[in-house]
Amino acid sequence: MKKGDFVILALVLALAVLPLLLLLPEESAPAQALVRQNGRLLRALPLDTDCTMAFTLEDGINVVEISDGTVRIIQADCPDGTCMRMGPICRTGETLVCLPHRLTVEITGADEAVDAVTR
Amino acid sequence: MKKFSTRSIVLGALLAACALLVSFIESLFPLPLPLPGAKLGLSNITVLLALLLLDGRTAFFVLAVKVLLGALLFGTPISLLYAAVGGSLSFAAMAALNARRSVSPIGQSIAGAALHNLGQVLVAAALTATPRLLLYYTPLALLALLTGSLSGFLAQLCARSLRRLPFHSG
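Chains as they are written, first to last, in the working numbering: chain A, 3 to 121; chain B, 420 to 589.
Okay, chain B solo, but in the shape it has when bound:
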């Protein structure tokens, strides 16, 4: 396995720390919606930033830290399952769309948010053996269009500023 560059390690760790902080702050302000599981998903910005500024491998580690430590700090075993399945699907989508010229970080983030929700709903349907729970995907996915756009837009802004900093040589 190729070694991580010092830059990837440092920036990846910073982004992972940011992810936990954002998750924590977000958990203090749940969305005032009658949709359990619905959230802004702002911590996804950090994974997206890792994809945009670093590489897929580092981004995956940011996601892993976010999911595992996030569950340990603010979650339950069930929420870990949701985050792991949702996170993996979301990551797969965002990584597949990474660095495509026709797709901006906003599209990437929308795809990631929509697949994260798909993972959540699939887990809920499987855990309760109730396929009709998939109906719940409709409002979640529509909301994901908004929250995904928001976090994609923010990630784009951050990426633009961070690329101007001197430590960003790549």
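For reference, chain A alone in the conformation it holds in the complex:
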């Protein structure tokens, strides 16, 4: 490791933290899961009521389940199935993504997705 390597290391760390600083401070609405397709809001589901809802899109189907304040995609017919392995999520800013169907499920207004803050 040389001197410049540590400069790169510091830059990457700064770049890694940047999205947290820019995107985390958000409005405090009631905790809900926003289901979007192509950025268009399909449905806002409150996290405090358990429910299972199927979203039929032109590319396929995604079934979103809310239980105990956490959200998962329990069923999807996309080729990779990555969205089903991403959950469950429960904190603000956490997001489930199904890229083949361009579907995202994002949490707003819940606990912050920060483990600790150092000053």
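To be clear, the hints were calculated from the coordinates, so they are not data collected in a lab.
A portion of the hints provided could be inaccurate.
Claimed, not checked - Ranges between beta-carbon positions, derived for each pair:
id: 1; chain 1: A; residue 1: Pro32; chain 2: B; residue 2: Pro453; range: 20 to 30 Å
id: 2; chain 1: A; residue 1: Leu43; chain 2: B; residue 2: Ser446; range: 32 to 42 Å
id: 3; chain 1: A; residue 1: Leu43; chain 2: B; residue 2: Glu445; range: 31 to 41 Å
id: 4; chain 1: A; residue 1: Leu59; chain 2: B; residue 2: Ala545; range: 12 to 22 Å
id: 5; chain 1: B; residue 1: Pro449; chain 2: A; residue 2: Pro90; range: 17 to 27 Å
id: 6; chain 1: B; residue 1: Arg582; chain 2: A; residue 2: Ala56; range: 54 to 64 Å
id: 7; chain 1: B; residue 1: Glu445; chain 2: A; residue 2: Thr51; range: 34 to 44 Å
id: 8; chain 1: A; residue 1: Asp70; chain 2: B; residue 2: Glu445; range: 46 to 56 Å
id: 9; chain 1: A; residue 1: Asn40; chain 2: B; residue 2: Phe423; range: 13 to 23 Å
id: 10; chain 1: A; residue 1: Ala46; chain 2: B; residue 2: Leu491; range: 32 to 42 Å
id: 11; chain 1: A; residue 1: Ala56; chain 2: B; residue 2: Gly475; range: 26 to 36 Å
id: 12; chain 1: B; residue 1: Phe443; chain 2: A; residue 2: Leu43; range: 38 to 48 Å
id: 13; chain 1: A; residue 1: Lys4; chain 2: B; residue 2: Ala548; range: 37 to 47 Å
id: 14; chain 1: A; residue 1: Asp70; chain 2: B; residue 2: Leu492; range: 37 to 47 Å
As the list claims (entries may be wrong) - Some but not every residue of chain B turned toward chain A, in silico, with C-beta under 10 Å:
id: 15; residue: Pro453
id: 16; residue: Arg551
id: 17; residue: Pro558
id: 18; residue: Leu561
id: 19; residue: Ala563
id: 20; residue: Gly571
id: 21; residue: Ser580
Here a beta-carbon is modelled for each residue, glycine too, at the ideal position from N, C-alpha and C.
Since the structure of chain A is provided, determine the placement of chain B on it from the hints.
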């Protein structure tokens, strides 16, 4: 356009073949992490080696073969988009840092890995029109520090050994 030397063609093709092999083997062992898109990125070693031992132009062709044939063999059109954007950003960073005295291949590889992830996250955010997906960059970039160091270290070892071989005249 200047002609490629026979040495560049042969070694570049060898490295490109290695890149595909490494990509394939890596695709068999996904990281046991809840981070889609996270991977060791060991095939980047070959692009880095091409930069270290050959030249930027040849390295770019190694990258192009890795991205295009890799997508054709083990990928999807969407994964091609990720690999192309991530690969180009990563290559730009590694090429810019190439042969700088203050930067070792490890730093080069970390920068490459971090920018590869940045490309992936940007593509995901653009495809889904969800800027908040950029939050996902934080864990990916932290992981890139580790995986980037690992592949940079391995590339350095390979480069040292390969430079001792008789066919390495340059």
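Which numbered conditions among the earlier hints are violated in the structure presented, ordered from lowest to highest?
Structure breaks hints 8, 9, 11 and 21.
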